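So the chains spell out like this:
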Amino acid sequence: MPAAVSARDLTKVYGNLTAVDRLSLDVREGEVFAFLGPNGSGKTTTIRMLCGIITPTSGEGHVLGFDIATQSESIKARIGYMSQRFALYEDLTVRENLNFYAGVYQVHGSRRDARVQELIGMAGLTGREGQLAGQLSGGWKQRLALGCAIVHQPPLLFLDEPTAGVDPVSRRSFWTLIYGLARGGVTIFLTTHYIDEAEHADRVALMLDGRMVALAPPRDLRETGLSGTLLEVECEPAVEALELLPGIPGVHEVTVYGTLLHVLVDGISADDLTALLRQRGFSVTSVRAIKPSLEDVFVSRIRAGQAEASAL
Amino acid sequence: MIARVWSIVAKEFIQIRRDPRTLAIVLVMPLMQLVLFGYAINTAVDHIATIVFDQAQDAQSRGFLNSFFNTGYFDPTGQAGSLEQVRQAIDAGRARVGIVVPPDFSHDLVAGRPPKAQVLVDGSDPNTAQTALLVAGTLAQRGGQSIDVRPVVLYNPSMQSINFMIPGLLGLILQFQTLLLTAFAVVRERERGTLEQLVVTPIKSWELMLGKILPFVVVAFGNVLLASAIGRFWFGVEFAGNYLLLLALAGLFVLSSLGLGLLISTVSQTQAQAMQMALFVMLPSIILSGFVFPREGMPHPIRELGLLIPLTYFLQILRGIILKGVGVEVLWPEVLALAAFGVIVFGLSANRFRKTLD
Chain A
13 MPAAVSARDL TKVYGNLTAV DRLSLDVREG EVFAFLGPNG SGKTTTIRML CGIITPTSGE
73 GHVLGFDIAT QSESIKARIG YMSQRFALYE DLTVRENLNF YAGVYQVHGS RRDARVQELI
133 GMAGLTGREG QLAGQLSGGW KQRLALGCAI VHQPPLLFLD EPTAGVDPVS RRSFWTLIYG
193 LARGGVTIFL TTHYIDEAEH ADRVALMLDG RMVALAPPRD LRETGLSGTL LEVECEPAVE
253 ALELLPGIPG VHEVTVYGTL LHVLVDGISA DDLTALLRQR GFSVTSVRAI KPSLEDVFVS
313 RIRAGQAEAS AL
Chain B
22 MIARVWSIVA KEFIQIRRDP RTLAIVLVMP LMQLVLFGYA INTAVDHIAT IVFDQAQDAQ
82 SRGFLNSFFN TGYFDPTGQA GSLEQVRQAI DAGRARVGIV VPPDFSHDLV AGRPPKAQVL
142 VDGSDPNTAQ TALLVAGTLA QRGGQSIDVR PVVLYNPSMQ SINFMIPGLL GLILQFQTLL
202 LTAFAVVRER ERGTLEQLVV TPIKSWELML GKILPFVVVA FGNVLLASAI GRFWFGVEFA
262 GNYLLLLALA GLFVLSSLGL GLLISTVSQT QAQAMQMALF VMLPSIILSG FVFPREGMPH
322 PIRELGLLIP LTYFLQILRG IILKGVGVEV LWPEVLALAA FGVIVFGLSA NRFRKTLD
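Sequence lines, in order, name chains A and B.
In terms of the numbering used here, the first sequence opens at residue 13 and continues consecutively.
In terms of the numbering used here, the second sequence opens at residue 22 and continues consecutively.
With the rest of the complex left out, here is chain A (with noise of 0.2 Å):
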């Protein structure tokens, strides 16, 4: 299958602040593809430079076959985009921003008020079609945003963010949405910070400081994004163990999780830990080897990354 988009060392330089540094990726038409990284990582830069509302520092990158340096003015007017900030016009009703959007891209007479209509169905405003943008909830907005974005029905959306700051049950009628577009054969493309997001994703990219640091489906980061074994330690005092622990070889990384820790091993076994912890004078409950989440590898890589950025 042809790539709906693709990045060769797409480069963005803010002064003396690598924003995206050499990024290569290629998106596969029909795919959720979503970028997963903390604040700063780089991912609306690289979402604006792909749009070519953003002139990338050096690099190159083709969005539906076309180059987003010289030709993005033909990639605007193929797809959707909705950023994090719900741009809609908040003293406009919810029929006259979609209206609004349709003229825009040039969606007119009855195949605008045909697909309104259904846009207005789809993100259940039906009975509020006059209500002001401005006096809806954040997941009204963020449905009516939607809306807008795929008002001319692109075959490629790009979601910045697009449920920051949305109750859960929201995001979860969001997501439904996105799926419903995926099935219909839209490639999706997101950034998120939330983990659990990223899941639903077909393909993860996480981010950090600018680079990609891993690509793969959700499945395979969990299983092989971490080297090494991960134990499930639930012992007393945990405060002391987690300082403790570190400095102990074959002990890679430590995180708290609630009461419990999670401890990143190499070459140590769950009975070897036990005995050591209790050795030690720890009163261990419990300790078990456990498949990694996509949260234990996320915080692994990143902080994989804040040492070697340290290194340096």
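Hints listed in this document are in silico derivations from the structure and should not be mistaken for laboratory results.
Quantities reported herein were computed from a predicted structural model and do not represent experimental measurements.
Glycine included, every Cβ here is placed at the ideal spot set by N, Cα and C.
There are no misleading hints in this set.
Here are some chain A residues pointing at chain B (derived, C-beta under 8 Å):
no., residue
1, Glu85
2, Ala89
3, Tyr93
4, Ala99
5, Tyr101
6, Leu104
7, Glu108
8, Gly115
9, Val116
10, Tyr117
11, Gln118
Calculated Cβ distances over 12 Å to all of chain B for the following chain A residues:
no., residue
12, Gly136
13, Val181
14, Ala228
15, Asp232
16, Glu246
17, Pro261
18, Gly279
Dock chain B against chain A, hints included.
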């Protein structure tokens, strides 16, 4: 293409209608400015409170004093018994002018010597002081005789400042409105993030610019018509020249003013910044353009600075057409300057108004 421009225009009109602040600028501000400036800025001062210390107390001195009061510029507020009382009355603000007639006033007059009279003027309000000095000077030269002492003023024979103010107000209102509305309309989109959204759509920069500007051109022309109607029928200012020429040249001025507004919007991130930038343009426009203070009286570098302001040229055009009744044959240098200004400012802002977020 035209359809996309129309989408923006239709949206702008809905937003103008729904935003109380914009609506105030569109509807209330022009009326308020007309009435406030029309009535408050009265540079020709009359009915100046005047205290008199008449030491002669005879027919000649009373005749001399009456010649003051008959002009209508001075109103008697009382008699003083000493020079000290005159000073006190002016210090306390009970009077702005004091007239002191010496005891030998009539004696000198009869003897053919120029009689001496002292006029004390409160200089804290320059406009009042200027008027008082001018009138007193004229009167003193005539020695209190029954001669017509009214000053002759070209183009504004009644010396009513309103005739001078209304054309200026037309220009000022146009400038205020177009500049503020355009700057706000664009910056508001930047602030709310909708500009980012528009930049990702296939709409072209010029379509967006045109769509943003057209509604305010309509609004501006509506206000030119309204303001000139009020000037003509409420304030009674006669229009000496060609009204259609005035409208055409107002269009030229609106273009440069809209261009300035767009330029401001391209360098401002927030509405507060845009407001500051607008004031940065507006204040010199009021002070240096000749709207309130005559440009002839300005020192040289300041006066040249006024030539960088489009309102300077437009005021000359407005006053030329409305008060003097002249046409392009006289006003062509101003028209050319305004056109050049419009082209430069518009070019600059169109160049800066790019569809990128870099």
